[in-house]
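Chains A and B are the protein sequences, given in the same order. The working numbering applies: residue 11 is where the first sequence begins, and numbers increase by one. The working numbering applies: residue 231 is where the second sequence begins, and numbers increase by one.
Don't read these hints as lab results, they were simulated from the structure. What you are looking at is a predicted structure, and each value in this text was computed from that prediction instead of being measured. The C-beta atom is built at its ideal place from N, Cα and C for all residues, glycine as well. Careful, some of the hints might be misleading.
Among chain B residues calculated to face chain A with C-beta under 10 Å, some are [stated by the list, open to error]:
#1 Arg580
#2 Ser838
#3 Asn885
#4 Ala887
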Amino acid sequence: MQSISELVERALAQINAAATPAALDQVRVQYLGKAGELTSQLKSLGSLPAEERKAFGQSVNAAKAQLEEALNERKSVVGQGAKPASAMLDVTLPGRRRLAGRPHPMTVTAETMKRILMGLGFTYEDFPDIETEYFNFDALNTPPWHPARDMHDTFYITPTDGEHRLQTEAELMRTHTTAFQGRVMRARNGQVPIRAMTTGRCYRKDDIDASHFPIFQQLDVFAVGTNLTMSDLRWTLTELAKGLFGGEAKLRFRPSYFPFTTPSAEVDVSCIICKQKGCSLCSRTGWIEVLGSGMMRPEVLKMGGLDPAKHQGFAFGIGVDRITMLRHQINDIRHLYQNEEAFLRQF
Amino acid sequence: MIVNTEWLLDYLTPRCALADLLTALPRVGLDIEAAHVLERELAPVRVGFIRAKRPLAGTSDKFVCDVEVAKGDVRQIVCASAHPIEVGWGVPVALAGTDLPNGESIGEASFGDVVSKGMICLDGELGLSAKGTGLQVFKDEALLGKSITEATKIDEALVHVKVYPNRPDCLGLIGIARELAAMLDLKLVLPSAPAPTVYTKDSVPVEIQAPSLCTRYTCQVVGGVRIGKSQPWMASRLMAAGLRPINNVVDITNFVMLEWGQPLHAFDLKRVREKIVVRKFAAGETLRLLDGRSIEQKTGESDEYAPLAIADAHAPMALAGIMGGESSGISETTSDVLLEAAHFEPTGIRLSGRRLGVSSDSSYRFERGTDPNESLEGAQARAIALLFSEAGGQSAGPLTDAYPSPAKRAVFALPAERVSSYLGIHVTREQVISSLTKLGCNCSDDLSRVDVPTRRVDVNDAVVLIEDVARVLGYEAITPAASPETPTAGGTTALDQARQAVRASLTGSGFLEIRGVPLEPVEGAEMFSQLAGASITLANPLNADLSRLRRSLVPFLVKTAVYNASRRAVNFRYFEIDKVFSRPAKDPEERWALGILLGGALNDADWSTRRECDFFDLKGAVESALESLRAPKATFVPTSLDGYAEGTAAQIVVNGAVIGVLGQVKAEMLAAERIYQPVFAAELFIEPLVAGSRVSATFVALPRFPAVFRDLSFLANRDTPYAALETAIREAAGAQLESVDCMDVFAGKGIDPAKRSIAVSMVFRAADRTLSSEEVNATVDQIIERLGKEFSAELRSR
Ligand SMILES: [Zn+2]
C-alpha cells in the first residue's frame, strides 16, 4: 500500500504542473473525485484495526485539505483568461492616457549646459533683459562711438516722460548675456575666485529669416582667478563639448575679435553628423562654429573692481538656439518659436 | 572687403599655393565670410563666339552682338563694355540666370526694345585679376560652349573678408599680406614707388587749425596728368574688389587705398585757392558732395559738432576724411592734381559721419584708425609714382607735410613668462621675439621693451601682443589643461530650482513647454495682464507687431493654441515660463511668470470615457504645480480680468497674497479664431512662491493610533462656496479632524433648484489615543449643527 505522504507528494507535483483549468480539474478528479485515489483510501478505513482508524482518518483528511488548498491556489493562477468569451479583455486596445508632456528643446539644451557647468564649479544666476547701456557696452570695453557697437543692432527702450538719464543709464534690450559680467563682478566686490554663468533672452534688430530671429537665447560664462589661463578656457570648453556632443567631440580655436576679450577665439566643434567626412551641415569643412570665447580684457576686470595685475579670467558665450538646432539638425530657427505640436513632440 | 588672392600674392614672396593661402587666412583673425574659388565658381561661364555685331540704336558705345554660346545656339547680347570686341572672337559669356562670384546675378536686360540675354564678362567682372587686356579672348573654335574653367587655367579666389573693428591695418591688402607672411614664413614685398624724376616748385601750404581732429596732413602737386581710362591690370583689380573704375586718377586713389589701407583724395589743383586749411565748417557754410548731396553747418548750431572741412583760403572743398566736394574733384579737364594723404582722429570722423548720415570707404577706414606714419607715407609715395606711370604725370612739386606732433610707437614690456602664464603653455623668449618681430615690432633681447608700429591702433595693452604671439604660434598650440586653482562648488538659485520644479510638474501632467516671443504689438487691449504700471515699449522697433514687451504670457499661449488648432491639434496643454514686463515706478520690473493653457479632451487617447477638460482640470494642474514648489495651500477667490469670461476667473492666493489668476478664456476671442471649445488659462508669478515655500521639510511623527472615517452628505444653498463649508467643518471639528475631502457635488433631479447636495469624506484621529466612536459621533454632531446654523444646510445622510 502507498503511504499517504507519497500520494500527497505526487498529487502536489501534478497540481503544480497543470497548466490549464481543465488539467487542474483532471488532477482533482484523479485524487479527490468519488473514485479518486485519496477518496479510495478512506474506503480502506474499515479494514484497519480500530486503534489505527482515528489516526489514519485524520491524516487522510489533512491530506485532502492540503490538496484542496493547493488546487485553489493553483486555480487562481491558471484560471485567469478563462472567463467566458463575452467578458474577454482586449489587451490590444489603446491605453487611456495623455501624451507625455515635454520641455522645449531649447530648455533641454540650456539645462544640459547648465548641469555640465555646475559640475565644473560654475554658479547660475538670472539677470535682467532690460539692461543699461553701461553694462551692455561700456563695462565690456565698448565705449560710445566704438565701431564694435555697429556689430550689434540694438533695441532701445522708449524713455519715460520727463526722465533724463545719463547716456550710460539709457535702457536697452541686452544684445548679449555677456552684460552680466559687470553686474557679477560688482556684486562680488573685488572677491575672487568667480565662476559665474547665466542664460536668457537677447535682442538684436535682425530681420527674420531661416537663421535670424530678433530674439535669441545665449548662455554666458566667465571665471576670474589669480592664475586662470587660456588653456583652462580650452579645458572647460572641451569638457562642455564632450557633455553636449559626446566624448569624441573635438574643438578648434580660431582667432577672432570681441571688445571684451583678448586673445579672442571663435570655437568650432568637429561635425557631429558626418564625423568630419564632410556634409551639408558643416559646409563640407568638417567643423561647425559654436561659440565665441577669450581671456577677459584688463579694462573689463578693472571696471569690475578687480586688479588686472593680479587677476586673470576667461569668458565664453554660446547661442542656445544655434546649439539646439545643431543637436537636432533643425534647419529653420523659426520652428523654435512657432511651437507647432508636431515639432515640440519630436524632442 | 573683397580680396582677390592673385592681387594679394603680389605682396608675398616666394609665391605660395592658393590652397595654403586659404588655409592660413583664418589664422590671421579676420572673419572670412566666404571664399569663392574661381576655378569652381566660374564653371557656369562659358566661351561664346561673336558672330555678328551692330551698334545699338541711338548709342555710339554699345553693340548688339549675336553670340553663339553652344553649337547652333545663338543669343543676342548687348555689349556695353569699354573693351573693344570683334566678330570672330570667343569671349566669356554669363547667360541670364548665372550668379557670379562677386555676388552679382546676371538677368535679362532691356535696352529699348532690344533684350540682352546675358553678359560678355571682363576679367574684373569675373573676379579675376587681368593678365592681358582685361578681356579673355579665345580663337580656338573647339572651345565653343565650353566652360571658361576648361578653356583656361584659373588659379584665383575671391575672399569676402570682414575686418573686425580692432584691425583697421588689415583694411588694406598689404596689412593682410604682412600677417600672412608671419603665419606662412614668407617675405612681405612692398609695392614699388620710384620717386618722381621731374620736380617743379608748385606746392600748396597747409594750415591745420584743428590739430585734435587732424594729426597729419600732407599734399603734393603732380602736374601734366591726362585724365583717361585705367590700364586693364588696375581696372580689373578694382572691379574684382567691387569698385567701379572711374578715371585713372580717381582709380589710383582707390587702388592705393585698397593696397595700403590709407584713404587718399585728389583735388583739381586749379580749384584750390592759395592754401589748404583744415578746420571746422563755419556757421552758414555749405558743401555739395561728390554724391550730389549737400551738407550745411546751420547758423546757431553748436560749433562743437561742426564737421571737419578741408578748405582752401575761402571755402570748404571736402568733408574731411569722408567725401570730397563736387566742384574741387577730378574732371576730364584736370591737368594738375593735388594729392592729399592725411590722418584724422577716428572719433571725429565717426561722429560727423553719423550726424550727417554720410559714409564712404574712406570714412570706414579713418573711423577705425589709420596709420599716420609708414602706411600714410607708403601710400603717398605709391600714389605719386602711379600718377606718373598710369596717369601721364609730368612733374611733381615738393611735399607739404603738416605733422605738428608725430605719433610715436607704443612701448610695452612683455616677458616670456607673462605670455606663458596667460596662455597656460610654455612659450620661450625666442618664440616671443620671433613672433612679434614678424609682425613689425622691435623687441629688446630681454623683452623689457617691445615697441609697436603705429598702424596697430588696437595695441593698447600688452595682452594684445600676447594674442599676436598666440596667432603666430597658432591657436592649436594652446592645449587644454585643468586649472590648478581650488575648485568651487557650482550651484543655482532657488528661483531657478523653482522653475525646474514647476516645469517637471507640468510636463509630468502632459503639458508641452512652448517658447513665446516676448515682444507684442502696442495696438490692442492689454489682455490677461495682472501687472500694475506702464507698458515698456521699444524706441526703435523692428516693426509694429514687435514693439512692446509683453505684460502677460497668456496671449502667446492663445496664439499657440490657434496655430495648432489650424493644424488640427486641438487638445491644448501648453505652458511657458518667462518674464513679463512693466514699469510700476521709475525702474522697469521684470517678473518671472508661469503661463498655462488647457483645452480639448482630457485624454489624448480615450475610446471609452472621453470627456472635455474643464475649469477644475486646470485648477488641478495649478495646484499640482504649487505643490511641487511645496507652497502653502492656495485659496481661490472669484475675480474678473480682461480676457477671461465673466464669472469664470479666480485669483490664486497664497499666504494672503495674490500670486496669479486662472479662468476661462473669453469665447468670442476664440471664436474669432475658429476655436469653439472651452479653453482655460492661468498665469502665476514664480518669485513670491519661492520666497514663501519651505526650503527643506522637517519630519513630522507618523500617526500611531488608528483613524476613524466618517462620510457626511448634506443639502446646502447653491450659492454657498464649498470653501466656506469646508472651513466651517474644520472649525467645528477642531484638532481631531485630520482631513476632509469633497467626494461628490450634485444638483438637479430630485433636488430643490436652489440647493445642491454635497458629500464629504472625513478622517478623524488623535495623536495620543484611539478615538472612540462616541467621541467622533459627538464631533460630527457639532459639525452638522454648525452647518445648519451657519448655512441652513440640511443633513441627508451620515
Ligand atoms: Zn559634417
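Against the structure, the hints come out as follows:
1. Arg580: holds, 5 Å
2. Ser838: Interface hint status for Ser838 of chain B: holds (7 Å vs cutoff 10 Å).
3. Asn885: violated, 23 Å
4. Ala887: violated, 21 Å
In this structure, the hints that do not hold are numbers 3, 4, in rising order.
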